[in-house]
Amino acid sequence: MFAIFQTVTRRSQFWKNMATSICRTLKYFQPITCQNIKYAASLLDVRLVPVLVPVRTKKRYFIPPAVNVKERTQTEQETKARAAGVVVRQQYIERPINISCTAGIFDPYVPPEGDARLSTLSKEGLKQRTEQLRQSAASQLSIRKIKDHDPDFSTKAFPELAQQIFIDAHAALTEFNKEKLHSLVTERCYPEMVRGNRYKTLRWRFVESLEPPRVVHTRCPDMISKGNLYGQVTVRMHSRQTLAVYDRFGRLMLGDEDEPRDVLEYLVLERHLVNPYGSWRLHGKIVPAWAPPKDPIIKTVMIPGPKLKPGDEFESLNYQVPKPKAVQWYK
Amino acid sequence: MAASAVTWSGLASIGRACGHIRSRLLGSSSTLSQVSCLHTSPELNSKHWERRNLTVYPPQTKDEPRRPAEIHHCRRQIKYSKDKMWYLAKLLRGMTIDQALTQLEFNDKKGAKIIKEVLLEAQEMAVKNHNVEYKSNLYIAESFSGKGKYLKRIRYHGRGMFGIMDKVHCHYFVKLVEGAPPNVEQKTGFDQAKEYVQQLRNRTIIHSL
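Going down the list, the sequences are from chains B and X.
Reading the first sequence from the start, the letters are residues 1 to 331 in the numbering used here.
Reading the second sequence from the start, the letters are residues 1 to 209 in the numbering used here.
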């Protein structure tokens with residue numbers, strides 16, 4: 001036991017000596033590294049541990065603007081900054097591309113002019129014109145292609161599903177439930193639905209459907225590579241809805257909560273057919289050229305007028321406010 | 001004391017954690033600064049001035065009086081003294097926006113030009129983003145200046161002495177409210193004197209005979 005005690009003390013003595021010598025060498029180097037690095041090289045002992053070269057690693061949160069800058073061009077300033085040790089992180093110029101949906105509506109459906117209007121034409125003719133999905137060969141071909149990839153698809157059951165997706169999507173929009181909305185609506189349609197609504201309150205209600213929804217148009221475009229199929233189906237929906245939009249302060253901006261309106265809509269739903277986990281999502285709406293103009297908003301808006309010369313008066317110019325052209329556009 | 005400490009730490013944590021999340025005022029107490037029972041001092045106000053534009057009020061019913069729109073705007077780190085800016089801020093309190101813009105146009109101070117830019121920006125923001133109908137129908141409800149971050153430099157004196165020179169910066173905050181400005185009753189000195197005398201006369205001596 002005495003022998004073990006002795007070896008322990010000897011070992012501890014050895015470590016103590018080692019420790020003191022190391023401490024002394026570190027103390028020797030500390031003041032040198034603090035003061036002037038130029039003289040450290042002469043005092044370096046090659047046998048010992050390599051000297052710690054100080055590097056400024058503390059992040060400067062505020063760098064005051066440089067006064068009397070001699071280097072004017074960007075490259076000169078960059079070289080000077082790099083020499084000083086300022087590290088600028090590599091900038092990634094990236095643009096995200098979304099492959100789960102297409103960027104638009106391909107070969108859009110042009111709704112016939114007399115749709116859902118009481119016209120003087122014969123009823124039978126109108127019915128024939130509007131109900132004939134079979135007329136379009138391209139639609140039939142695309143339906144067949146969709147059925148290849150998705151065997152559950154049928155033109156009879158799909159419109160109901162489409163209407164349900166529409167109602168769910170708009171309900172999620174009123175609650176602003178982002179996750180649910182993304183699952184029901186494609187990435188192309190999402191910003192169009194959501195833009196400007198962040199600080200507004202929406203109140204939307206689906207009262208009833210006036211006519212059963214129908215599939216009127218289908219297309220199967222393939223993007224970039226040949227096999228990458230997306231299916232786009234246009235569904236015609238005639239329904240009654242109420243919408244009221246309130247601004248940030250709770251004041252009514254548009255619409256009326258109690259007054260339902262008859263709405264004829266052409267919805268476009270899309271699905272990435274090749275993706276086994278894809279689902280039918282709302283992709284956009286087609287607003288026909290003959291659609292009635294929307295209600296004006298409740299507030300008065302200033303629009304830019306013509307540039308007046310010094311002697312002119314606005315009233316004498318007879319300025320006509322330019323009306324937008326009636327073209328079909330997509331929402 | 002404990003209550004105020006809790007709210008101060010709560011506010012600080014909210015400010016740090018979720019500065020970009022919009023706050024919805026739907027009867028919940030998630031936005032602590034909107035609840036009137038809490039103590040909101042000017043220092044706390046100025047940190048979250050931009051965020052006050054993100055509160056959303058619940059829709060009003062038809063019989064409620066129309067809530068006036070409030071637009072908060074500020075400019076940070078203006079190279080001007082906060083004390084000098086205070087004079088301009090005090091001048092504009094309670095004025096309509098057109099009146100304020102005309103006054104600033106013909107004011108000789110350096111801060112006047114900057115405040116004019118801020119007011120024009122705020123007016124444009126109000127019409128574009130906050131659903132204000134008429135751009136002249138705004139008045140300045142609150143206007144004040146705050147201290148910004150100072151830069152320190154050395155000012156050389158004689159005999160090897162030096163002083164630390166502060167390069168002063170300030171912030172300017174403004175709140176525009178839709179509608180006509182409220183009428184502030186102008187009290188003359190005579191009225192105030194009369195009130196004072198009346199107060200003296202209302203004093204009673206208690207427990208007297």
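Among the hints, erroneous ones may be present.
[As the list claims (entries may be wrong)] Some chain X residues near chain B, calculated using beta-carbon distances under 10 angstroms:
#1 46
#2 49
#3 53
#4 62
#5 66
#6 69
#7 118
#8 131
#9 154
#10 167
#11 206
Calculated directly from the structure, the hints in this document are not laboratory data.
We treat Cβ as the ideally placed atom computed from N, Cα and C, and that holds for glycine.
Structure-based check of all given hints:
1. With 10 angstroms as the threshold, the beta carbon of residue 46 of chain X stays out of range of chain B, its nearest partner Cβ sitting at about 19 angstroms, so the hint is violated.
2. Against a cut-off of 10 angstroms between C-beta atoms, the interface hint on residue 49 of chain X is violated, since the closest Cβ of chain B lies about 16 angstroms away.
3. For residue 53 of chain X, the suggested interface contact is upheld, since its CB lies about 8 angstroms from the closest CB of chain B, less than 10 angstroms.
4. Given hint, residue 62 of chain X at the interface with chain B, holds; its Cβ is 8 angstroms from that chain's nearest Cβ, closer than 10 angstroms.
5. With its C-beta approaching chain B no nearer than about 6 angstroms, residue 66 of chain X sits inside the 10 angstroms limit, and its interface hint holds.
6. Interface restraint check for residue 69 of chain X: the shortest CB-CB distance to chain B comes to about 5 angstroms, inside 10 angstroms, so the restraint holds.
7. Of the supplied interface hints, the one on residue 118 of chain X is violated, with its beta-carbon coming no nearer than about 21 angstroms to a beta-carbon of chain B, more than 10 angstroms.
8. Taking 10 angstroms as the C-beta contact cut-off toward chain B, the hint placing residue 131 of chain X at the interface holds, the least distance being around 4 angstroms.
9. About 13 angstroms separates the beta-carbon of residue 154 of chain X from the nearest beta-carbon of chain B, more than 10 angstroms, and the hint is not met.
10. Nearest Cβ of chain B to the Cβ of residue 167 of chain X: about 9 angstroms, under the 10 angstroms cut. The hint holds.
11. Hint on residue 206 of chain X is violated. Least Cβ distance to chain B is approximately 51 angstroms, over the 10 angstroms limit.
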